[in-house]
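Asks: Could you slot chains B, C and D onto chain A? The hints should help.
Those protein sequence lines, which keep their order, are chains A, B, C and D.
Reading the first sequence from the start, the letters are residues 9 to 408 in my numbering.
Reading the second sequence from the start, the letters are residues 9 to 408 in my numbering.
Reading the third sequence from the start, the letters are residues 9 to 408 in my numbering.
Reading the fourth sequence from the start, the letters are residues 9 to 408 in my numbering.
Misleading hints may appear alongside valid ones.
It does not matter which identical chain is used: a pair holds within one copy or between any two.
To be verified - Quick list of in silico lysine to aspartate or glutamate cross-link-like pairs, EDC-like style, CA-CA up to 16 Å:
{"no.": "1", "residue 1": "Lys144", "residue 2": "Asp378"}
{"no.": "2", "residue 1": "Lys310", "residue 2": "Glu275"}
{"no.": "3", "residue 1": "Lys247", "residue 2": "Glu71"}
{"no.": "4", "residue 1": "Lys400", "residue 2": "Asp383"}
{"no.": "5", "residue 1": "Lys141", "residue 2": "Glu364"}
{"no.": "6", "residue 1": "Lys242", "residue 2": "Asp72"}
{"no.": "7", "residue 1": "Lys145", "residue 2": "Glu110"}
{"no.": "8", "residue 1": "Lys328", "residue 2": "Glu364"}
{"no.": "9", "residue 1": "Lys145", "residue 2": "Asp85"}
{"no.": "10", "residue 1": "Lys108", "residue 2": "Asp218"}
{"no.": "11", "residue 1": "Lys108", "residue 2": "Asp383"}
{"no.": "12", "residue 1": "Lys307", "residue 2": "Glu274"}
{"no.": "13", "residue 1": "Lys145", "residue 2": "Asp378"}
{"no.": "14", "residue 1": "Lys144", "residue 2": "Asp101"}
{"no.": "15", "residue 1": "Lys247", "residue 2": "Asp218"}
{"no.": "16", "residue 1": "Lys144", "residue 2": "Asp85"}
{"no.": "17", "residue 1": "Lys189", "residue 2": "Asp210"}
{"no.": "18", "residue 1": "Lys145", "residue 2": "Asp101"}
{"no.": "19", "residue 1": "Lys239", "residue 2": "Glu267"}
{"no.": "20", "residue 1": "Lys108", "residue 2": "Asp63"}
Keep in mind that the hints were calculated from the coordinates and are not lab data.
If you're wondering where the values come from, they're calculated on a predicted model, not measured in any experiment.
4 protein chains.
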Amino acid sequence: MVTIIEETSGLPEISREDIIIDGIFGSGLSRPVEGIAAKMIQHINNSGAKIVSIDIPSGLYGEDNRSNITGNIIKADLTFTFQFPFLSFFFADNGQYTGKWEVLDIGLHREAIINTESPYFCLDAEEIRKILKPRKKFSHKGTYGHALLIAGSYGMMGAAVLSVKSCLRGGAGLVTAHIPKCGYGIVQTAAPEALISIDESDLSFSVVPDLSRYTATGAGPGLGCSPAAAKAMKYLLEKNKKPVVIDADGLTILSGNQEWYGLLPEESILTPHPGEFDRLAGSSGSMYERYLKQLALSKKHKVIIALKGAHTIITSPGGKVWFNTTGNPGMATGGSGDVLTGLIVSLLAQGYSPLESTIAGVYLHGIAGDLAKKDKGEESLIASDLIEYTGKAFLAVNNS
Amino acid sequence: MVTIIEETSGLPEISREDIIIDGIFGSGLSRPVEGIAAKMIQHINNSGAKIVSIDIPSGLYGEDNRSNITGNIIKADLTFTFQFPFLSFFFADNGQYTGKWEVLDIGLHREAIINTESPYFCLDAEEIRKILKPRKKFSHKGTYGHALLIAGSYGMMGAAVLSVKSCLRGGAGLVTAHIPKCGYGIVQTAAPEALISIDESDLSFSVVPDLSRYTATGAGPGLGCSPAAAKAMKYLLEKNKKPVVIDADGLTILSGNQEWYGLLPEESILTPHPGEFDRLAGSSGSMYERYLKQLALSKKHKVIIALKGAHTIITSPGGKVWFNTTGNPGMATGGSGDVLTGLIVSLLAQGYSPLESTIAGVYLHGIAGDLAKKDKGEESLIASDLIEYTGKAFLAVNNS
Amino acid sequence: MVTIIEETSGLPEISREDIIIDGIFGSGLSRPVEGIAAKMIQHINNSGAKIVSIDIPSGLYGEDNRSNITGNIIKADLTFTFQFPFLSFFFADNGQYTGKWEVLDIGLHREAIINTESPYFCLDAEEIRKILKPRKKFSHKGTYGHALLIAGSYGMMGAAVLSVKSCLRGGAGLVTAHIPKCGYGIVQTAAPEALISIDESDLSFSVVPDLSRYTATGAGPGLGCSPAAAKAMKYLLEKNKKPVVIDADGLTILSGNQEWYGLLPEESILTPHPGEFDRLAGSSGSMYERYLKQLALSKKHKVIIALKGAHTIITSPGGKVWFNTTGNPGMATGGSGDVLTGLIVSLLAQGYSPLESTIAGVYLHGIAGDLAKKDKGEESLIASDLIEYTGKAFLAVNNS
Amino acid sequence: MVTIIEETSGLPEISREDIIIDGIFGSGLSRPVEGIAAKMIQHINNSGAKIVSIDIPSGLYGEDNRSNITGNIIKADLTFTFQFPFLSFFFADNGQYTGKWEVLDIGLHREAIINTESPYFCLDAEEIRKILKPRKKFSHKGTYGHALLIAGSYGMMGAAVLSVKSCLRGGAGLVTAHIPKCGYGIVQTAAPEALISIDESDLSFSVVPDLSRYTATGAGPGLGCSPAAAKAMKYLLEKNKKPVVIDADGLTILSGNQEWYGLLPEESILTPHPGEFDRLAGSSGSMYERYLKQLALSKKHKVIIALKGAHTIITSPGGKVWFNTTGNPGMATGGSGDVLTGLIVSLLAQGYSPLESTIAGVYLHGIAGDLAKKDKGEESLIASDLIEYTGKAFLAVNNS
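Extracted from the complex, chain A is given alone in its bound form:
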């Protein structure tokens, strides 16, 4: 039985086989649901029936739910929303309320979104296609820049391999890996197209190479957090004058030396996962709080932050926000982030702006994962698959 519930006078009988269409409250709520309505919501949640919410699960706010009463929000299996998703839909802790959500195009611009203070955008193929510049006939490898990846340490050279191979597939004209001696044979065997800059240390990043040869630099994957690596990281930030990509252990080192933020050129790119972000910005009680911190951190230090997750969130120094819409949980696997770093550095090396590089890199990385999933299976997807499918991701975006 399909029951549309729009009012809350009396608690109907609901069986596990029913489908409830939840139209009780829309998005205009500014205080928690209480009283009879709260009882109805609890009644529906406890019924075991399938729940489909229209617009927004009743009781959920469109943005900040920190002051909400979590027990009084519909827990939908499926939510159909109109034109644009609500901000709150992108946060993992609201996944229990929205269930799977889909956007129905009803031909309108939602006023609420246009007027919101922090404008946010969903990434789609069209936007990425506009960013990507077709290669020109008379271009040469110098046209596409020279990327430097500082990555790897004893026991973690795989991170260097993954980021370097991804960087090659991202289109940079030349890619150099700066690695400790212990990784020499590993990286040259795995990525013959890459040039190698060999550190003086057997085990770890310790000496900054001459940066003048490179059009973009990324540092972090597999670096480890040894004192030598931290010292070299500082020296790198002091010498470097261009927007730089910092990931993984590079971020962990940074989180222990927050005074180094001042050394980061404007529009540098940080790509933390939530754990790394919390080390940078302190822990948060909710995803929304973390999101606010991300926005604040981007503005304060004039950096771009890509907070990785099911919907990777990109924030700019100017206070803009992009939510990624590609990717799948098969990408929750070791090395996935190293691949993203390589891809963003590759785009940056080719002359895309830091913001373009981050946006396009995050989107393409997700498409690669979505394409790989079909062939490799979600469970079995590994980071190398993302590299293998990067070319098909470019083809998919260009042909979309």
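Replies: Positioned in the frame of chain A, the structure of chains B, C and D alone reads:
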């Protein structure tokens, strides 16, 4: 000529071109066939005709044939049985009687099976699909655990490579390989997604890493049986508090130190091939006897045992038995077991119970082999192929 | 609105949406456009309309545009030319005038081309198919020669891997890589079909191997420009008596020691990119000037030069010129040139003449890139892809 | 114009565009063509016309052409023969007379073949399918034996990689590579399924491992011919008691120590290419002479010899001869022989007889090449491709 033989009065003329339908005796036998019936069976076996047994080859018991007279059992080319196979069909030494066997679904539950003392089950895709949990949208690599594989020694690093790569394809969020120094470049080159924990020894497992970082541990592939490895193995069992997977040389070490059984946490998983099992439990005069020993060993030490073979047999501490129905003799090739170990550890790391991990791992491993066989040929199938097809095995089960 | 402009009386209104068919001037010009015609050309260029030139963009000369007035040449989006492209179309600095160009076959031989002093040719599949000799049934690996590649140094062993693998795919019967000790494991792992000649040096080319075993030699990819490598390079040129292929760092060393030209056997092959060429011949103010220098250098030193670019230009000692028509800007990526070197050396080792080897190698390399692009995406194309698609390039040419 | 020439009265006008059907002489000749018939043959050969011979090119003998007058034999472009090819068709030096040849089945057994003193056979898929035993359901890796390959030396470890990988694909249950220390990382990275037995020497084979663990042994690929390797080779032959496969440098060592033949167990397998064979047996003036020497050597030393070529010739101690009919000139590439060695050793390890192993190995190796050629192109085919296509070769034979 097709001849249905249900009675045994007189020995008919049979030529090599005939097809004999054997319906002489069913499954109710409790003593060996003798007298005129035995003569008829010998007559049929010696005729050179094709023999098709219905229900069960005449003379064969449904379970324990140790006291049977082996010369007085029909040697069928093909056996059609009803609803469920008999227990005896799963044992290699009865393959000469059943020939190829197929199950015909006649819509009944066989009472004999339901009432048997040791209930056994055949694995099928539906059961595995129920075990496997779909990945959740907002999950991250931490959701899928961190597997530790202790594997490899000088001359046998390939076993580490195979188990690590399989573990990655099994879906664990992170995989760490604990290996001796001699394997460093090999494993990092082959599996860039894996982290490496490097032993102090150049040649062999000798030091147990900090286990607290890992959600599941497997030990054994390619470890060798050096005194150093044995000593470290003991220390591992002493430190470890969670169900652990022991395979290959790990089992051989255990078989020489049976007092260590007490160190194994309940529901630890042992994955011997018959030779390794016999070292653990003593040799057996028949497959049925080995099966009884397996059951007893599982109960006594509260461990799960997967005895690898054409029908891998899984026994639980509670005395339940599962027979695998996937796989093919192309998988009888070096390294096949290392791949299985990696897969089971991977599932265990993700939070599946030890029993679920063993059952799903064994079944998926067999499906991977069946899919690989079609492309690679049964003779040419190698262990790496099983890894390559693990993703397709997941897809096949999820879409079955 | 489509407007055909053949005369220049008065400046018409043109909007951004219009399409202008430029038929103002053909190819007979011998002095720059000036006066009212120049105004019309500027007017059209500034209009923002799409411009299609017929025969040649008005104002552009067919060959040498060094004395032209660059502001008074039509900048077409698309140029349709007849029967043969003009020489000027092949130079990167004229790409802004021709836009994309296509040749329409009108069934005529253009007199201007036939009578020109420096006859030039466009490579096509038919010509390459004529060069390639089908393999004979009773041939053996000795029939296909033994190629020697002197390549690689510490940090640049990937160049050796790429050229060696490409040389194998090019069809040479045997391939030997002469490499420093640091590359031993790398090259043997990546290319098990290759034999290895190991230099005395850990880091660099330093000793010339016995050349008598080899039917063709190539030197340069990843060699570095160390004094040791330069000294060994000189010794190589002194010992070698057969046409040799020099690329990459080999060319850079040569450019610092131009007195060594005399050591090059006639019909040796140089494969510079524009930067390397300018080091050899000095910088040029235009592509046309570089082209003239290339012609002159080929004649003076009796060498074949393949100047790599969107249209790779091949010049012979006899003053002939070939323009390649295959390839795409996805090939503007590190290692692409190493692959070409390996392919040319491979063909030379098989007994093709130096000119045939260069022409076929350049053409096949481009076809490999065009085929790879379809599967891998232009942005993601890497040098290894070109090797992977070499076989398909041979198949495409042979079946064309 | 098509002209059938059966008589030789007068020399007709022939133009380059004609097609000549050569029916002048059949296979019964026992002395060279002379006089007017010889003039006719020369006239036809010089005409430039296409020549199609029926049965046999006129003037050619069916077997031994050493005493023939080579100028008086028709040089056909194409020869149609009946039921069975003549022996002479398999020898490279007669390829100029037969051109491409095809066998037409006319439903007869050629008396001449049946009565010949040295009976020879052409390999076909049916014969190989009869040799290959389907894998049994309850088999395990021990069923398929344990192969030992003694291969590789400093600079030639690729030969070890290729033979080991091929041996794995051939179906052996276990494969061990005995290699010098310098190859440890290379072989373990390339073939994780293989076990490694490490020689005491860094550079070369020097110590024979315990042979009792292995069901078959092969020695030779990439061994080099150092005194240490030769000494170890002798010791191997002294210790070994089972038919052994000797290839490549193993054969070269043997050719310098012919007194060691006595150490070879009966039915050992030698797999020389023509150059290696000539070192063993002295050079020959014709292919037929070499063939006679091969027959004699097989009989004298009771060994199986597979003389590799377009039609690999296999001779047995009993004086039988098999000509292979699979393969193509794309296989004339370095490492192709190492792959064959691995495959034969693999079959031998599985319990196939030495003759079965050689016949099936040679045939499957050729099928793998024919299948690989379609995808990879004949020119670009490399030895690794043969390994990759071994499984498809098994599938093709089993499904033929």
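Asks: Are there hints from earlier that the structure breaks, and if so, what are their numbers?
Replies: Those not satisfied are hints 3, 6, 10, 11.
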